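The task is simple: from the sequences and hints, build the whole structure.
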Amino acid sequence: MSDERDVIEEVLRGQIDRFAELIARHQQHVARIVSRHVPSDCVAEVAHDVFVRAYTGLSNFSRQTPFEHWLSGIAVRTCYDFWRAKRREELPVSALTAEHQVWMDHVLAAESEDQFREQAGRREATELLEWALGRLSAENRLVLTLVYLDGYSVREAARVLGWSVVNVKVRAHRARHSLRTLLRERKLQDDTLQ
Amino acid sequence: MTPFNDEDFKKVERVLSDAHRSRRDPSLNPDWALNVMRDVRREALRQGRSTMPLGLDRLVWRTAAMAAVLAVVFTGSVLIYSSGDAVELSTLFSSEFDATVALLE
Numbered sequence: 004m005s006d007e008r009d010v011i012e013e014v015l016r017g018q019i020d021r022f023a024e025l026i027a028r029h030q031q032h033v034a035r036i037v038s039r040h041v042p043s044d045c046v047a048e049v050a051h052d053v054f055v056r057a058y059t060g061l062s063n064f065s066r067q068t069p070f071e072h073w074l075s076g077i078a079v080r081t082c083y084d085f086w087r088a089k090r091r092e093e094l095p096v097s098a099l100t101a102e103h104q105v106w107m108d109h110v111l112a113a114e115s116e117d118q119f120r121e122q123a124g125r126r127e128a129t130e131l132l133e134w135a136l137g138r139l140s141a142e143n144r145l146v147l148t149l150v151y152l153d154g155y156s157v158r159e160a161a162r163v164l165g166w167s168v169v170n171v172k173v174r175a176h177r178a179r180h181s182l183r184t185l186l187r188e189r190k191l192q193d194d195t196l197q
Numbered sequence: 554m555t556p557f558n559d560e561d562f563k564k565v566e567r568v569l570s571d572a573h574r575s576r577r578d579p580s581l582n583p584d585w586a587l588n589v590m591r592d593v594r595r596e597a598l599r600q601g602r603s604t605m606p607l608g609l610d611r612l613v614w615r616t617a618a619m620a621a622v623l624a625v626v627f628t629g630s631v632l633i634y635s636s637g638d639a640v641e642l643s644t645l646f647s648s649e650f651d652a653t654v655a656l657l658e
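Here the protein sequences line up with chains H and P, keeping their order.
Basically this note's numbering = 1-based index in the first sequence + 3.
Basically this note's numbering = 1-based index in the second sequence + 553.
Honestly, the hints are just simulated from the structure, not real lab data.
A portion of the hints provided could be inaccurate.
What the hints assert, rightly or not - SDA-like mimics (lysine to any residue), calculated; alpha carbons at most 20 Å apart, straight line:
{"no.": "1", "chain 1": "P", "residue 1": "K564", "chain 2": "H", "residue 2": "R80"}
{"no.": "2", "chain 1": "P", "residue 1": "K564", "chain 2": "H", "residue 2": "S181"}
{"no.": "3", "chain 1": "H", "residue 1": "K172", "chain 2": "H", "residue 2": "R80"}
{"no.": "4", "chain 1": "P", "residue 1": "K563", "chain 2": "H", "residue 2": "R80"}
{"no.": "5", "chain 1": "P", "residue 1": "K563", "chain 2": "H", "residue 2": "E188"}
{"no.": "6", "chain 1": "P", "residue 1": "K564", "chain 2": "H", "residue 2": "L185"}
{"no.": "7", "chain 1": "P", "residue 1": "K563", "chain 2": "H", "residue 2": "R120"}
{"no.": "8", "chain 1": "P", "residue 1": "K563", "chain 2": "H", "residue 2": "L139"}
{"no.": "9", "chain 1": "P", "residue 1": "K563", "chain 2": "H", "residue 2": "Q118"}
{"no.": "10", "chain 1": "P", "residue 1": "K564", "chain 2": "H", "residue 2": "H103"}
{"no.": "11", "chain 1": "P", "residue 1": "K563", "chain 2": "H", "residue 2": "A175"}
{"no.": "12", "chain 1": "P", "residue 1": "K563", "chain 2": "H", "residue 2": "G124"}
{"no.": "13", "chain 1": "P", "residue 1": "K564", "chain 2": "H", "residue 2": "D108"}
{"no.": "14", "chain 1": "P", "residue 1": "K563", "chain 2": "H", "residue 2": "E12"}
{"no.": "15", "chain 1": "P", "residue 1": "K564", "chain 2": "H", "residue 2": "E102"}
Here the structure is a predicted model, which is why all the values come from computation and not from measurement.
Below, the structure written as C-alpha cells:
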C-alpha cells in the first residue's frame with residue numbers, strides 16, 4: 004500500500020496523470036458501492052463524481068486510514084447527495100403492478116431456502132425494493148441500504164457517513180419502521196383491490 | 554385481508570436484502586476513466602489558478618502565526634513600558650495640540 008501512498012504524494016505534487024492509476028485500481032470498488040445505492044443507469048455518472056471529488060479533496064486524506072476506506076466514504080456521501088438532488092427534482096417513482104402483489108404472496112408463502120432464493124432472484128424483488136426505497140428520505144434510504152441491505156455494522160455505517168453512532172442507530176430504526184409501514188400500506192391496498 | 558405480522562416483515566425483508574446483494578457488479582465503459590481524467594485535469598487547472606504552489610501556503614501560514622506572536626509581544630511591551638510615561642505622553646500631545654491651535658489662529 005506504500006506504493007499507493009507514493010502515487011498520492013506524486014498527484015499532490017502536481018503529477019495529475021498518476022491519478023489515473025488510482026482510478027484504475029479502485030473504479031470497480033467504487034462502482035460496486037454506487038450501484039447499490041443509485042439506479043443502474045446513473046452508476047457511471049455518480050462514480051465519475053466520486054473520483055472528481057476524491058481528487059479535489061485528496062489533500063485532506065489523512066493517510067492514517069486505507070485509501071479505499073476514505074474513498075468508500077466519498078462514494079456513499081456522493082450517493083446521498085444524488086438522492087437529495089433527486090428529491091428536490093421530485094422525479095416520479097415507478098408504480099407497482101399486480102405482478103408485485105403475486106410476488107409478495109409467494110414470498111409470504113415461502114418456507115424453504117430454495118423458495119426464498121428463487122423469489123429474491125425475480126425482477127419483482129428489485130422493483131419492489133426500488134419502489135420502497137424511492138419513497139424514503141435520502142437519509143433513511145442511505146442508512147437502510149447500508150445497515151439492513153449491505154449488512155454494515157452501525158459503527159461502520161457511522162464511519163462511512165461521517166455521522167455519530169447514535170444518529171445512525173436512530174435513523175436505522177426509523178428507516179426500518181418507514182419501510183415496514185410502506186409494505187403494510189401496499190399490502191392493504193392490494194388486498195382491498197382484490 | 555391479512556395485515557403483515559412480524560414474521561411476514563422478516564420474510565419480505567430477507568428476500569429484498571438477498572435481491573439487493575445479488576445485484577450484478579456494474580461494468581464501466583472503457584472511455585469512462587478517460588472522461589474522469591479529463592474532468593480531473595480541468596479541476597486541477599481551476600485549482601491551480603486559485604491556489605499557491607505546493608509549500609508556499611504553509612510558509613504563509615507560519616509567517617502569519619509569527620507575525621501575530623510578534624504583534625502580541627510588541628503590544629504587551631508598549632503597554633508595560635509606556636504606563637510610567639502616561640503623564641509625559643499626555644503633556645506631549647496637549648502641547649502638540651496647543652501648537653496646532655496657535656498655528657490655526
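We went through each hint and held it up to the structure:
1. P/K564 x H/R80: Cα-Cα ~30 Å, so violated.
2. P/K564 x H/S181: 17 Å, holds
3. H/K172 x H/R80: 18 Å, holds
4. P/K563 x H/R80: 28 Å, violated
5. P/K563 x H/E188: Given pair P/K563, H/E188 holds - Cα atoms ~16 Å apart, limit 20 Å.
6. P/K564 x H/L185: 15 Å, holds
7. P/K563 x H/R120: 14 Å, holds
8. P/K563 x H/L139: Status holds; Cα separation ~19 Å.
9. P/K563 x H/Q118: 15 Å, holds
10. P/K564 x H/H103: Distance ~15 Å between P/K564 and H/H103 Cα, so the pair holds.
11. P/K563 x H/A175: 16 Å, holds
12. P/K563 x H/G124: 17 Å, holds
13. P/K564 x H/D108: 11 Å, holds
14. P/K563 x H/E12: 48 Å, violated
15. P/K564 x H/E102: 18 Å, holds
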